[in-house]
Structure formats: structure tokens, C-alpha cells
Amino acid sequence: MYQYDSIDKTIVNERVAQFRDQVQRHLAGELSAADLQPLRLRNGLYMQIHAHMLRVSIPYGMLNSAQMRTLAHIARKYDKGYGHFTTRQNIQYNWPELADVPDILADLAEVEMHAIQTSGNCIRNISSDQYAGVAPDEIIDPRPYCEIIRQWSTLHPEFYWLPRKFKIAVTGATNDRAAVQFHDIGLEVIKNAEQEIGFRVYVGGGLGRTPVIGKVIKEFLPREDILSYCEAILRVYNLHGRRDNKYKARIKILVNALGIDEFRTQVEEEWAHFKDQELKLHEVDFDTMQAFFPLPDYEVLDDGDARLEKWRSLDTRFNAWYEHNTSAHKHAGYRIVNVSLKEHGVAPGDATDKQMDAMADIADQYAFGEIRTTHEQNLVLADVRQQDLLDVWKALDAVGLATPNIGSVNDMICCPGLDFCSLANASSISIAKQINEKFTDFQELYDIGEVKLKMSGCMNACGHHHVGHIGILGVDKKGEEWYQFTIGGDASNHAELGTRLGPAIAKDKVGDAVVDILTVYRQQRQDDERLLDTFRRVGVEPFKDQVYAEQA
Amino acid sequence: MTANRNLKARPKATPDRIQNNIQSEKAIVDRAIVDSAIQHVAETDALSVADLPSSAVSVPLNLWLDERDAVIARGQPVAVQIAADESPEDLADQLDSIDMVVLPFVSHVDGRSYSHAYKLRTRFGFKGEIRAVGDVKFDQLGFLTRVGCNAFELPDGENLETALRAFDEFSEVYQPSADQGRLIFSRRRAVH
Ligand code: HEM
Ligand code: SF4
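Listed in order, the protein sequences are those of chains H and L.
Reminder that position 404 of the first sequence reads as 404 in our numbering, one-by-one numbering, no gaps.
Reminder that position 65 of the second sequence reads as 1065 in our numbering, one-by-one numbering, no gaps.
Worth flagging that the hints you see were computed from the coordinates, not collected in a lab.
From a predicted model like this one, the values you see are computed outputs, not experimental measurements.
A virtual CB, placed ideally from N, CA and C, is assigned to each residue, including glycine.
Derived DSSO-like pairs: lysine-lysine, alpha-carbon spacing no greater than 27 Å straight-line:
no.: 1; chain 1: H; residue 1: Lys80; chain 2: H; residue 2: Lys354
no.: 2; chain 1: L; residue 1: Lys1127; chain 2: H; residue 2: Lys280
no.: 3; chain 1: H; residue 1: Lys218; chain 2: H; residue 2: Lys248
no.: 4; chain 1: H; residue 1: Lys275; chain 2: L; residue 2: Lys1127
no.: 5; chain 1: L; residue 1: Lys1137; chain 2: H; residue 2: Lys246
no.: 6; chain 1: H; residue 1: Lys167; chain 2: H; residue 2: Lys9
no.: 7; chain 1: H; residue 1: Lys477; chain 2: H; residue 2: Lys248
no.: 8; chain 1: H; residue 1: Lys165; chain 2: H; residue 2: Lys218
no.: 9; chain 1: H; residue 1: Lys215; chain 2: H; residue 2: Lys167
no.: 10; chain 1: H; residue 1: Lys433; chain 2: H; residue 2: Lys507
no.: 11; chain 1: H; residue 1: Lys354; chain 2: H; residue 2: Lys433
no.: 12; chain 1: H; residue 1: Lys165; chain 2: L; residue 2: Lys1137
Where chain H lies over chain L, by a calculated footprint (3+ residues, C-beta under 8 Å):
no.: 13; region: 1108-1116
no.: 14; region: 1143-1152
no.: 15; region: 1163-1177
Label pairs and their computed distance ranges (CB to CB):
no.: 16; chain 1: L; residue 1: Ala1190; chain 2: H; residue 2: Asp364; range: 33 to 43 Å
no.: 17; chain 1: L; residue 1: Thr1162; chain 2: H; residue 2: Asp5; range: 28 to 38 Å
no.: 18; chain 1: H; residue 1: Gln290; chain 2: L; residue 2: Gly1181; range: 23 to 33 Å
no.: 19; chain 1: H; residue 1: Gly29; chain 2: L; residue 2: Asp1093; range: 41 to 51 Å
no.: 20; chain 1: L; residue 1: Thr1162; chain 2: H; residue 2: Met47; range: 22 to 32 Å
In isolation and in its complexed conformation, chain L is listed as follows:
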């Protein structure tokens, strides 16, 4: 036998942030399929509020931090993205002015946004919509819901009706998260 050289190519790293705008016709919000009109605008060097389309958008975190008043002045619901390599801490004192936090997934295997959602809900008490977009499919919906996401845009071609099944796969869990606060042992303590 000879060594399996061809299998050893190093995998390419995926970027941390979305490179293109994302928009979907439908979304799942609070377990229902609804129409969606919001466009998630990708960050570019020269991006400014003046360049944004007049329709509904979510803006990159940096644009929000630079031009907060201009974003609010658009008169649309305020939606801000937190990329995988950014931190919800940057928004913590401004969450009252924000209607929706968008978590863009470049790759569904990048789990950082799960911690972002968890912190937004449990540490910063964010009550608005947390929407996962990008490479998010059926098999991620259950755990994303547990950490605090309540809205999802799936890539084109995904069957949303089928995806609704994902919310009922597990009826029991072991640990607290944003969806429920009990640790398994504290539930068992109550029984004893």
C-alpha cells in the first residue's frame, strides 16, 4: 500500500463575514412561514447609509456604530447584523433602539453565533427578533432556537414546510440555555 496523499489537501478557510447581500422571499418566524422583504447588506469599505436601498435592510454592525442616527432616521425598523467574529457586547447598551439582530452564517459549522444569541437573550435581555440567515438549514434550527434565535431565513431550494419539523425533534433537554432555564439535576432535585 502507498500513502493516501491525495486526501491530505488542507481545507480552505471560510471568511468570517458575508460577502454578498442576502435576501429571501420567505422566512420562518416563531415557527410560522411568513413573507420576508428585508435585505441583509454585506459590509464593504465605503458603505454608508446614503448607499442603502430605501426598502427594509439589516446593516453591518460597523455601519450601525458609525452612523447610528442616520440608520434610525431612515424610519424603518432597525435591524443590525453581528458577524461571527464580532461581539454582542458592542450593542449591549443600545439594544432598546434595535428591533432585530441578524446573525449571518457564512458556514453552518461556525458555532460562534450560537454564543452571540445566547448572550443577547440571557445576559443583555434582548427581547426583539434574533434572525439567523445564510447557511442555516433544517438541522440547525433546533439548537439555534434553544440559544435564542426565533427567526430563520433558509437558502433557496430548502423546503420550509419540512424544516418546521425541526422544532419538535426533542422534547427533553439536559441543560439550561435561552429557551428554558433548568439544569437536569435541578429538575430531578424537585422530584426527589
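Next comes chain H alone, as it looks inside the complex:
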């Protein structure tokens, strides 16, 4: 993992002191609430329905066990004993007191963490592939590039007051697990014909009110130019992005208004001024950074383990977990463990302080002390020996972290909705429970297979509903909560926005509608088709007929 040097430490500590001073000036009446607002936002602190909410940055989803213990400690000491892992790989606390926040930030700084630029109209946390470094389909490890971009974008003086927030994601694998085509800048690390490393650069993707798939602005950007090219994009956006209407202020609107070709021309013109100057990176910069992400001390092992195989045949619960919550690893004898934060009856993405502490212990004992967060609101232990899987499963199961539902309907993404969010039209957590209750039979879940269900409480789309295989959006009809369905969205390489199913559905019928959709799928699927594949073949009509026949 990246480790701070004295420069990183100084910056983070001075940032804590700066925010402490801002809060003190505010409490002393020298800094108005209105003026404090954008400052606290840039330290991850929102005002919500009940209280403040603090969002802590987890750069590209990487955590060590000491950091996880600190997250647990914060949940315990300053919150109500839990935290919420988000779709951008960060963690949020729903109940901190304003006066405590400088102390929380100081505790975070001790373990090289911060909340810098986790909200506000600035460059946000860089997100990436949760399987970085271990996925069999990986071409290049994206993490060194994420860290380089993180440092360049942190407290960048010119891009701190953008028209709107700005999100960058990086992937280095053939299967995009970071949804790069739905980011303001999406970077795909690739090699060209000469085997040189560079990036395919997408710009202007995003969800929210106007969902847009990112467009390719550059097919191959040599890796040494990554910072200067991002700087050129940001400068054009800072100067020309709309500021008159916050719903039209994202870079996607600018790119659509100018057209990608004109936007590219403007960026290239700007870039030409400084492309070969200070921001150009050197080979040694990549080597230095890559050295922070070495291969762990893998043992030489074979795939397959006698004890593992025996217990898989003896214990169906363990076998279900093995099949659904673990995935293939680059290195023989190891597996990737997905830790589900979607236990039945719990808000998706929530974890208690005890669960976080347990994760830290398990990671120390079995996974080189490292944990990752995923944009699907789960956790990952990237490097577990196959021979340890049974013990890891027992330890996870003991704290409710072994629900074998990864990739299933119950592994849904869901925003906080009406329960916590002041912008919500409708609740999403109670709907998640309603859907869970329809699918209590795990055999049925497994028969249905991969379904990415994503739900947002309003059109801001924090739950990414546009790219759910099934997407659910909370809408407000005369003060009542209703739900708009889409089918066929896809956040992966084959990026696609969902197709609208029909009129919104009443709150108590949402679970039934999900059942209907999956019934049609099971009747119509061929061979190994997933819901998404069947939908692509048969279209929306059969689903519509079934759902609205029952509603009629």
C-alpha cells in the first residue's frame, strides 16, 4: 500500500489544523454557517436530516488493518457504532457532532487517512478496481496511477471551486469493475502495439439527473502525460462548464453542448501550452510508485486443497459461500474473498464497529493485513490461501459477514434514501428489506444467478439505478413514495443505460415487481443467459406485460 512520506504527513496534518481553525472561528461567530458550508464540504462534512454526515476518503478502496480499526474506533466513539460503505469506495458516518470532527480528522491522520475533497465541487476520491493487483484478467495494476493522480489532485489550488464535483476512475483489467465510462474522466490503462503503457481516456460520463455514457477523448495517451492531460481537461471545464444551473454544471453537459470533437480541440489547444513541462512524468516515478504495491509474500502452492474440498462436500452453507463469495486469483493456491455487507435486514453497505474490528483481525491473520472496499458496497480480502478459506468463513460467519449472496438480487446497491437524505423522494432501505424478504430461499437466488439491482431514492442517482440490470428510482407522486423501474442497465465495458419498464409502481408492490421480472427471465432464458442477456435478446415487452398484468 502507499505509505505517506513526511510531505504527505505534513499536508494532512496541516489540513486538520486548518479545519480545526475554521470550526473554532465558526463556533466563535467569526465564520458564518454559509461561509463554513463549502469549507466543511471539502472536508467531507454534510448537513443531513438528522445530523451531520462525515464522508472519509478511502483512496481507490485500499485499507490496511490499522486503518480499519480506526474506522471502527470512530464509529464507536463519535457515532452510533456503525458506518456506511459507499458506492465510491468511501465510508460515511451519519451522526458525528461538528465540534468533534477536527478530532476525528486527527485520529484519521494518525493512520494516514483524511476526508479531503470527499464532497464539494472539486476533484473527488479516485476510484478503481477492487481486484487491482490480483484479478486474473488484469493487464496493468491501476493503483500506482490512482495514487499519482490522487496526489496531483489533492488541494490543487486552481481546481478547488469547479462548476460541480469531478470524479475520476481508473481500471487496468479487461472487465471494467470501476465503471469508468460513468465518470467525469474514466481511464483505462492499456498497452499499445509497441507494448507501451498508456490510457484510453473517456470524458463526460456520469449518472445523476442526466445519465450519459463517457466519450473517448483520446484513444491512447502515453502514461507520462496523464497529469498534464487531466490538467488541460480540468482547465477547460473550470473556465467553460456552466455555473448558472447546478443541474447542468457537470462536465458531461459541457461535452454534449460542444460535441466531443470541439471539446477535444479545446483540450488539445490548452494542453499544447504545457504538455512537455513540469507535469510530464518520468519512468522512475512509475517505478517508485509501483514499489508501494509489491506482490505480497505468496507461498508456492497448488490450486485445490484437500481439506477445502472435503468441507465443500460436507457443508452446504460453506460450499454456497465458496461458490458465490470467492473468486479466482492470479496466483495458484489463493482466492479472492468477497465479504458481503448485504446481510438480510441490514441497510446495504452498513458495518458495525465490531464487524470492522473483526475484518481487521481476519485480514491480519489471513490476508496480509489488507482490505478493499468495492463500489458495490462490499469488502474484499484480496489474498487468502485456499487452505485458510474454511477458517476465514467461520470467522466471517461469526460476525454476520458471510451471507452467500454476492452478485445476486440481494446484493443490491442502495442509497440512504428518505431515512437519511434530505433530497430523497422515497425510502430505499425499507424497499431493500422488502425485496430481501421475497428471496429468502438461497437455492432460488442461485438459480436466478447474476442480477445487479441498484436503487436510488431520487433522480440524483447515488444508487446508480440507471446502470442496474434492474434499476429502481424513488419518485414523489403527490407526496407519496412510488418507484420507477428500468431494466438492462450495465456499468461494465458494455456500458448501457437501463430501459424504462413503464409507469411507476406503488411502494408495497415493488418486491412483487422484482419477482415478476425474474419469473419472466426464468421462463425465457436460454442456456447460460443472465437476466441481462435475456433482456437484450427479448426486449422489454415480456417483462412489462408480466409486471403490469398483475398490477392491473
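With chain H held as given, fit chain L with the ligands onto it using these hints.
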């Protein structure tokens, strides 16, 4: 629970340019509190050099572009404003005749002027004073300094003594800007 309708009113857009003249008794220039006598004149349709008061003023960019000689003939130091929606490119070949560029902030959350200052210093080599005025307070001074501003007028009621603290909040930075030219990685390269 019912939907939170009342929280959804659309925020009003702020204008790009100042609507009223701005003048302050004090300014911070090169980190020192000094007296200030300059008036920043807001643009109006019929504004001409003949209408300007005889005391020190900064003029809107359009007035400068229309009546450049008349502005110079006033015999005062030449100060020209660049509004958030205007471009320093328009002044690039005239910077030798200009003593001060003024960046008026209608709202401090509008970050365009940061790019203006940055370009003036690093691309066009402007050596004169760059003064940020309007909605500019303590918490903006640090980054405005980094992008090239060296003078500030804060709104009435702001404590300038306190604001001086803003210049020393950060002793390290990651990226080059107008204040220093090094990228963090090039500094680390030198160490290795
Ligand atoms: C609880 C308070 C929250 C509020 C008030 C809030 C508000 C918003 C708003 C207004 C937007 C739209 C921004 C735009 O399009 O420019 C947005 C987008 C987004 N939010 Fe939230 N959000 C909240 C919580 C969350 C949580 C908990 C998550 C993660 C689980 C999240 C993830 C996102 C993401 C990923 C987007 C980006 C969608 C895009 O690409 O445009 N938000 N949020
Ligand atoms: S999607 Fe809407 S309801 Fe859900 S968290 Fe975002 S703003 Fe709130």
C-alpha cells in the same frame, strides 16, 4: 414519511460580473495590511472614461479595450478588471501598459478567476499586481496566492489581522502553480 419537497427549490444563479462599484479602506498586499484608495467601477451600458471619478479606479475590460488611450491619458496607474466570464487572452499583448489586473469575485465559489490568475502569471508573464476583490475571504487567500494573486480586498467586517494567518496554513504542496514550479514527483526524484 413524506418527501422533503421544501428542500428542493432551485438555487438562484449569481451574475458573472459585479453590479456595484467596490471600494475598500484597507487591502492586503504582499502579506501586509495597507491603505487602499482604488475604486473598482462596475460595467454599465453607457460607461465611458469621461464618467470616471478623477481618483484611482480599475476599469472593466470592455472599457479598456474600447478606450485604451483615454484610460492611459488619465495619468493614473492603469488597473483593468477581468470578470469571471472574460479571458486574460484579451489582454495578453497589452500587459506592458497595465499596472494591476483586478479579479472581481461576485461569489467565492466561482473558480474561473483562479485560472485567469494562473494564466496571467505563467503563460503571459504578467509581473504587476493581481488583486482579488469582492467575495474573497480568509479561506480563499491561500489558494488565490498559489495561483498568482498578491493583493486582496476583503469585504467590510472581515478581520484582516486574522486573515494574514491564511498565508501560512500549508508549508507543503503537491503540484506546480504560479507560486512554485515543482511537481511533487520531481522533488522526490531529486531526493532519490
Ligand atoms: C446522504 C446524503 C447524500 C446526498 C444529499 C447526496 C446528494 C447527491 C447529489 C445531489 C448528487 C447529484 C450530483 C450531480 O449530478 O451533480 C449525487 C450524486 C452521487 N452520489 Fe450522492 N448523496 C448522498 C449520499 C450518497 C451516498 C451514501 C452515496 C454512496 C452510496 C452517494 C453516491 C453518489 C454517487 C456515486 C453520485 C454520482 C452519480 C453521478 O455519477 O452523477 N451519495 N449525490
Ligand atoms: S439518490 Fe437521492 S435520495 Fe439517494 S442519497 Fe442520493 S440524493 Fe439522497
